[in-house]
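What follows is each chain in one-letter form.
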Amino acid sequence: MIEILTSPAFNTIQDLGRRGARRFGVSTSGAMDPVALAAGNALLGNDDNAAGIEIQTFPFRLRFQTDAAFALTGADHASTLAGSTVRPWWCMRAKAGDVLAVIAPRRGARVYATFGGGIDVPRVLGSRSTHLRGGFGGLEGRTLQAGDAVPIGRSPHRSDGRFDFGVAPPDVAIAGAAPADDRVLLIRVLRAGEYDLFSEAMQAAFWSTRWKISARSDRGGYRLTGGKLTLDAPVEMRSHGVVPGVVQVPPAGEPIIQMSDANTAGGYPKMAAVIEADLWRLGQAAPGSFIAFCEVSYQDAVAAMAPVNDYLAKLRATADLYREL
Amino acid sequence: MSINQPSAPFVGTIEKSPKISLIGTLAMLVEAPGDFDLVQQGRIWALADAVSAWPNVQEAVIGVTNVMLVFEQPPADIGMLSASIAELWHRTPSRKTGGKVIEIPVVYGGEFGFDLPAVASRSGLSEREVIRIHSEGDYTVCAVASSPGFGYLHGLDPRIQMPRKSVPSLSMRAGSVTIGGMQTGVAVLTSPNGWNAIGWASVAMFDPRSEQPSLMLPGDRVRFRIDRIEL
Numbered sequence: 001m002i003e004i005l006t007s008p009a010f011n012t013i014q015d016l017g018r019r020g021a022r023r024f025g026v027s028t029s030g031a032m033d034p035v036a037l038a039a040g041n042a043l044l045g046n047d048d049n050a051a052g053i054e055i056q057t058f059p060f061r062l063r064f065q066t067d068a069a070f071a072l073t074g075a076d077h078a079s080t081l082a083g084s085t086v087r088p089w090w091c092m093r094a095k096a097g098d099v100l101a102v103i104a105p106r107r108g109a110r111v112y113a114t115f116g117g118g119i120d121v122p123r124v125l126g127s128r129s130t131h132l133r134g135g136f137g138g139l140e141g142r143t144l145q146a147g148d149a150v151p152i153g154r155s156p157h158r159s160d161g162r163f164d165f166g167v168a169p170p171d172v173a174i175a176g177a178a179p180a181d182d183r184v185l186l187i188r189v190l191r192a193g194e195y196d197l198f199s200e201a202m203q204a205a206f207w208s209t210r211w212k213i214s215a216r217s218d219r220g221g222y223r224l225t226g227g228k229l230t231l232d233a234p235v236e237m238r239s240h241g242v243v244p245g246v247v248q249v250p251p252a253g254e255p256i257i258q259m260s261d262a263n264t265a266g267g268y269p270k271m272a273a274v275i276e277a278d279l280w281r282l283g284q285a286a287p288g289s290f291i292a293f294c295e296v297s298y299q300d301a302v303a304a305m306a307p308v309n310d311y312l313a314k315l316r317a318t319a320d321l322y323r324e325l
Numbered sequence: 001m002s003i004n005q006p007s008a009p010f011v012g013t014i015e016k017s018p019k020i021s022l023i024g025t026l027a028m029l030v031e032a033p034g035d036f037d038l039v040q041q042g043r044i045w046a047l048a049d050a051v052s053a054w055p056n057v058q059e060a061v062i063g064v065t066n067v068m069l070v071f072e073q074p075p076a077d078i079g080m081l082s083a084s085i086a087e088l089w090h091r092t093p094s095r096k097t098g099g100k101v102i103e104i105p106v107v108y109g110g111e112f113g114f115d116l117p118a119v120a121s122r123s124g125l126s127e128r129e130v131i132r133i134h135s136e137g138d139y140t141v142c143a144v145a146s147s148p149g150f151g152y153l154h155g156l157d158p159r160i161q162m163p164r165k166s167v168p169s170l171s172m173r174a175g176s177v178t179i180g181g182m183q184t185g186v187a188v189l190t191s192p193n194g195w196n197a198i199g200w201a202s203v204a205m206f207d208p209r210s211e212q213p214s215l216m217l218p219g220d221r222v223r224f225r226i227d228r229i230e231l
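Keeping their order, the protein sequence lines are chains A and B. Residue numbering for the first sequence follows the working numbering, starting at 1 and increasing by one per position. Residue numbering for the second sequence follows the working numbering, starting at 1 and increasing by one per position.
If you're looking for bench data, these hints aren't it; they were derived computationally from the structure. Cβ atoms here follow ideal geometry from the backbone N, Cα and C, with glycine treated the same way. One or more of the hints may lead you astray.
Claimed, not checked - Here are some chain A residues the structure puts well away from chain B; computed CB gaps all over 10 angstroms:
| # | residue |
| --- | --- |
| 1 | Ala215 |
| 2 | Thr225 |
| 3 | Phe290 |
Unchecked claim - Here are the simulated EDC-like cross-link-like pairs (lysine to aspartate or glutamate), alpha carbons at most 16 angstroms apart as the crow flies:
| # | chain 1 | residue 1 | chain 2 | residue 2 |
| --- | --- | --- | --- | --- |
| 4 | B | Lys96 | B | Asp49 |
| 5 | A | Lys212 | A | Glu254 |
| 6 | B | Lys19 | A | Asp196 |
| 7 | A | Lys228 | A | Glu254 |
| 8 | B | Lys19 | A | Glu194 |
| 9 | B | Lys165 | A | Glu236 |
| 10 | A | Lys95 | A | Asp67 |
Let the sequences and hints guide you as you build the complete structure.
As structure tokens, then:
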């Protein structure tokens, strides 16, 4: 069991998301940076899909009520366990009574706290992820708050195994699309259904604009500002399924990228869709930061997942080996 | 951008194929050609039933005359897959409605039906006329989507159709009875919503702990009954 001491807002229990219930209108939820969550679980020898805490507001503090192994992955953060520094992308062992404090990230938006054995809340529709709008999953379907007691499962590994090691974060270990410059995150996309309805000038503006992620952005979606993309003739589309990463253009012209908590359906014209290999990078982009889009082919979009999968596989193998040393 | 419809000259009167497009590498949208009607929607239901059993299809998500396939892994050959879907579309007969009938009592107008005056004004009818027309409709659940258990209902009288708002209302109450374009529905969650609220109903639409979590399913029929009118 762990006890939440401080949690400002919007910190939730998430796994890799809820699959197969979209047909009932249930969005996937799940970690905004699934690579960080899976990496934390791999460090601890958990299943990739074990639930952890997605921390996106700070400072966040918790107290261990039992001895437990844990890892912190995701955004580059400054944190302490019982007053001593905890490095990012590192796993450690805590003693009962230790307080873990996660301070605001220096870079990135979301820190993932994972625990040996994973967070043991009931699965709802196949997942432990918090579905905030629906009010189910996670801890009573809501954000964490001070005083909450969060159950931890039994660690799959013996308690005398080694837990004090880390890994290079994926944005260092995996080459992505080259950044446009230091302050703009380049996001690879495929064109989507209504791309051709936009004039050449609008298409050109979509690719050349340096888009700012507005303050009105959250796990549901990122609203972009910096330009307006309008159609010569408006279209009333019929509602259809959408997935996280889709870039829609509402009539007002400012694009919205749907994210983990997005509705399962939408009716706005679709300009593009963020490739799976860049969705986790976008999940770490904070409001106020800038992104730009670049186009890739379907084949390149598929191939881009190989280094991500290799990274996680290598990390898991190395961590398993290290833990037994 | 469409995978299967390059700008080709018109060659004959064979039925048009669905428009098939990708949403990233793990989702594909199949949109029925032509105007909305329940026969086309029934073909979408039948297509969704069939493709759900295909390998690598995690699920088929039904929309309004369209279906989105979600894949476990990126398909190896997109061209071949879309050809198979188009072929299946042409030989799959429409599935008929025949689900259960759901009756929903509605408080029309009032605090939660705040867009009723705008719907009346656009239609050129009185608010009472809008209510009468809405409550006399015979509706079919086309799709369950957008939020948990939310049914897109077909059968709205064209006189009271109203486009979705370009800027959504920031907080619309769960249970709001709404009009969005040519569809109507009952909001399941309190959240931002681009549809027009004309009333409110207190029916439980969704239970995540149930094996069958959604009250409405594609093919069900819905009738709205006037519980009360607040003007």
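Consistency of the hints with the structure:
{"no.": "1", "hint": "Ala215", "in the structure": "15 angstroms, holds"}
{"no.": "2", "hint": "Thr225", "in the structure": "15 angstroms, holds"}
{"no.": "3", "hint": "Phe290", "in the structure": "22 angstroms, holds"}
{"no.": "4", "hint": "B/Lys96 x B/Asp49", "in the structure": "13 angstroms, holds"}
{"no.": "5", "hint": "A/Lys212 x A/Glu254", "in the structure": "10 angstroms, holds"}
{"no.": "6", "hint": "B/Lys19 x A/Asp196", "in the structure": "13 angstroms, holds"}
{"no.": "7", "hint": "A/Lys228 x A/Glu254", "in the structure": "5 angstroms, holds"}
{"no.": "8", "hint": "B/Lys19 x A/Glu194", "in the structure": "11 angstroms, holds"}
{"no.": "9", "hint": "B/Lys165 x A/Glu236", "in the structure": "11 angstroms, holds"}
{"no.": "10", "hint": "A/Lys95 x A/Asp67", "in the structure": "4 angstroms, holds"}
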